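S.K.: Next come the chains, spelled out residue by residue.
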Amino acid sequence: MSELPAEPPPLWQRLLSRQALGGWVLAATAVVSLLAPLGLDDAQLTIYVFIGLYTMVVAGLSLLMGFAGQVSLGQAAFFTIGAYTAAILTRDAGMPSLLALAISTTATAGIAALVGLPLLRLRGHYLAFATLAFQLIVLSAISQVPQLTGGDTGLTAIPTLSLGPIALHGQFRTFIFAYVVWVLAAGVLVMNRNLVRSRPGRGLRALATSEVGALAAGVPVTRYKVQVFALSAGYAGLAGGVYAFFVGYIAPETFPVLLSVQFLIMAAVGGLGSVWGSVLGTAGVYLLIQVLDTVGTAPGLPASAPAIFSYAVYGLVLVAIMLYLPQGVLPAIQARLVGRRAVSAVEAERSTRAS
Amino acid sequence: MLEARGLTRRFGGVVAVDEVSLEVAEGELAGVIGPNGAGKSTLFHLITGHLRPDAGRILFGGRDITSLGPDRRARLGIAIAFQAVRLFRGMSVLENVMVGAHAWSRSGFWEAFFRLPRHRAEERRILDRARRALERVGLGDSADRPAESLPLGQQRIVQVARALCGEPRLLLLDEPASGLRAAERERLAQLLASLRGEGLTMLLIEHDVAFVTRLAERITVLDHGRVIARGPAAEIRDDPAVVAAYLGQARERASA
Ligand SMILES: Nc1ncnc2c1ncn2[C@@H]1O[C@H](COP(=O)(O)OP(=O)(O)OP(=O)(O)O)[C@@H](O)[C@H]1O
Ligand SMILES: [Mg+2]
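Top to bottom, those sequences are chains A and B. For what it's worth, the working numbering labels the leading residue of the first sequence as 3, then goes sequentially. For what it's worth, the working numbering labels the leading residue of the second sequence as 4, then goes sequentially.
Think of the hints as simulated: they come from the structure by calculation, not from any bench. From a predicted model like this one, the values you see are computed outputs, not experimental measurements. Here a beta-carbon is modelled for each residue, glycine too, at the ideal position from N, C-alpha and C. Fair warning: there could be bad hints in the mix.
Claimed, not checked - Part of the chain B face toward chain A, derived, beta carbon under 8 Å:
| id | residue |
| --- | --- |
| 1 | Phe14 |
| 2 | Ala58 |
| 3 | Gly59 |
| 4 | Leu62 |
| 5 | Gly64 |
| 6 | Ile68 |
| 7 | Asp74 |
| 8 | Ala77 |
| 9 | Arg89 |
| 10 | Arg92 |
| 11 | Gly103 |
| 12 | Ala104 |
| 13 | His105 |
| 14 | Phe116 |
| 15 | Gly169 |
What the hints assert, rightly or not - Stretches of chain A that chain B covers, calculated by requiring three or more beta carbons in the stretch to come under 8 Å of a beta carbon on chain B:
| id | segment |
| --- | --- |
| 16 | 149 to 159 |
| 17 | 218 to 227 |
Work the whole structure out from these sequences, hints included.
M.R.: What follows is the structure, encoded as structure tokens:
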């Protein structure tokens, strides 16, 4: 123990510290997301809604991959399940939309828990492949029961969100959806942040680097893995349900495997395990995709141009991140500003090689 | 408090632990010694549940825990500081130690999401115990460093702090002094003596015979997976079988 109390770091450093930076991003995100809808037209608002929905999915995926060290290549499957459950419950069973949303979210999480229980006992990349397979199974199952799901044609005329007798229609529909979606996204992010800083969050981070150590410390490793998998699926299911209400039309082709890859890239760009990075990663990659689509559909280009563009760019973005910013974009910026994490990462590398 | 009956564990053709029985009384600091590959660490992993025995039973506080997983055993009060360090990368020393509190704390996902008052109180308690455990092992000043940045010897001590943060009833220490400098060793010896003074039951594996005989009242000697001697520390040193198996090898190594 040193006798002198430690000198507090200068103010600018405290304002840029890891915790404070999280606070700044939070505050900026809150202000921007509150004000943004006021200045956007309907098309832009739609993009805004999608970014909010995808942020929820990516926030869960980032938690799963960054903190529990598990990879899901089929996160869109849970988005799909959420969307179909919410659609069928409202459209065909006549359930109020909020109740349907609650049920579809819970059901998606429940399905993930059932699927995850056997898979998460396995190590390595089993979960990655199994989730990919799971998505293919979900999509083909949807095609198999057209009486329920509309088969390949999909479901149309899905009711919109409503609260009691008030349904979201008319001129301000997209505008209000934007707020609803971002309130939900903010809720998801705050839940994540709280989780990460708590006992179970530390347990998750622990098991990502040493299951043996985590078990020895009393961390119920399998249970935590299943829970975080179910949680990430629940977020995706919630987003999927809102998506169905917002768009009003879903079909198997709405949820291609490529969507799962997109989620993965968004999470990687934002930084695996970086709660606020999910927002930036999602927004950045989504906007990039929009730009590419516009460029790809320019007159004179072949019809397959958008797809080729997006695949090429996904590949490039992933490779660039792995090479230059393996911890993700937001954490890398923080490291530049604060300079601390970079040091510890180097030391970490050195000592893992030494031991 | 701990009773192992006829524990056997094979790896392929190797019988790492061969019908080992062991009893540790409440409040005792028992030593386990033996040459390299004698099966000491394997015995510990059988006790903590990281390995399953091929035969034999383990009783803890009179309860048969043979079929319980390691995390369940940790929550019953069995803690371990591994020989091969198992810390959590990317987490500070303090956070590593805080993970140890899983043994007695209970907040789950829901409590964490909504930061309920009970959860917040528990978080404060966890932080407090972790800090105290770190001070106790003498690493209070390293609390905010990344755990992997410490020298390996000190990482073993972080594991001891992590174990202590779980407030164990039985603490297994697998060569905790290896990689420590003389002053750090002395500090560890004092820590173990004071923990014993508080009534904590401990099992200690150590290569340094002087270190064990000084601390442990009773010692079990393993060789090729079998117990070849057991008894008070002073007698063990002079036991011919032990001299042959263990000290002989140590002399070999010393002269090599
Ligand atoms: N996971 C494993 N797989 C295969 N063999 C193992 C495994 N763990 C231990 N062994 C073998 O079991 C025997 C006992 O090993 P153990 O690590 O228990 O010895 P030890 O007494 O702790 O040795 P040391 O003093 O070197 O730490 C050795 O022959 C070792 O090679
Ligand atoms: Mg050993």
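S.K.: All the hints need checking, so say for each whether the structure fits it.
M.R.: Each hint tested on the structure:
With its C-beta approaching chain A no nearer than about 17 Å, B/Phe14 sits outside the 8 Å limit, and its interface hint is violated. Annotation: B/Ala58 was flagged as interfacial toward chain A, and the flag is violated, the nearest CB pair being 23 Å apart, outside 8 Å. With a least beta-carbon distance of about 21 Å to chain A, the hint placing B/Gly59 at the interface is violated under the 8 Å criterion. This hint is violated: B/Leu62 has a C-beta 20 Å from the nearest C-beta of chain A, more than the 8 Å allowed.
Given hint, B/Gly64 at the interface with chain A, is violated; its Cβ is 16 Å from that chain's nearest Cβ, farther than 8 Å. Hint on B/Ile68 is violated. Least Cβ distance to chain A is approximately 14 Å, over the 8 Å limit. The interface hint given for B/Asp74 holds, since its Cβ lies 5 Å from the closest Cβ of chain A, which is under the 8 Å cut-off. A cut of 8 Å between beta carbons decides the hint on B/Ala77: the least distance to chain A is about 4 Å, and the hint holds.
With a cut of 8 Å, the hint placing B/Arg89 at the interface with chain A holds, because the nearest CB-to-CB distance is about 3 Å. The closest approach between the C-beta of B/Arg92 and any C-beta of chain A is roughly 4 Å, which is under the 8 Å cut-off, so the hint is satisfied. Checking B/Gly103 against chain A: minimum C-beta separation of about 5 Å stays under 8 Å; hint holds. For B/Ala104, the suggested interface contact is upheld, since its CB lies about 7 Å from the closest CB of chain A, less than 8 Å.
The interface hint given for B/His105 holds, since its Cβ lies 4 Å from the closest Cβ of chain A, which is under the 8 Å cut-off. Evaluation of the B/Phe116 hint against chain A yields a held restraint, the C-beta minimum of about 4 Å falling below 8 Å. Contact between B/Gly169 and chain A, as hinted, is supported at the beta carbon level, the nearest pair being about 6 Å apart and thus within 8 Å. For the segment 149 to 159 of chain A, the assignment as covered by chain B is violated, since 0 residues bring a beta-carbon within under 8 Å of that chain's beta-carbons and 3 are needed.
Against chain B, the segment 218 to 227 of chain A contributes 6 residues with a C-beta closer than 8 Å to a partner C-beta. That satisfies the three-residue criterion, and the hint holds.
Of the numbered hints stated above, those contradicted by the structure are hints 1, 2, 3, 4, 5, 6 and 16, listed in ascending order.
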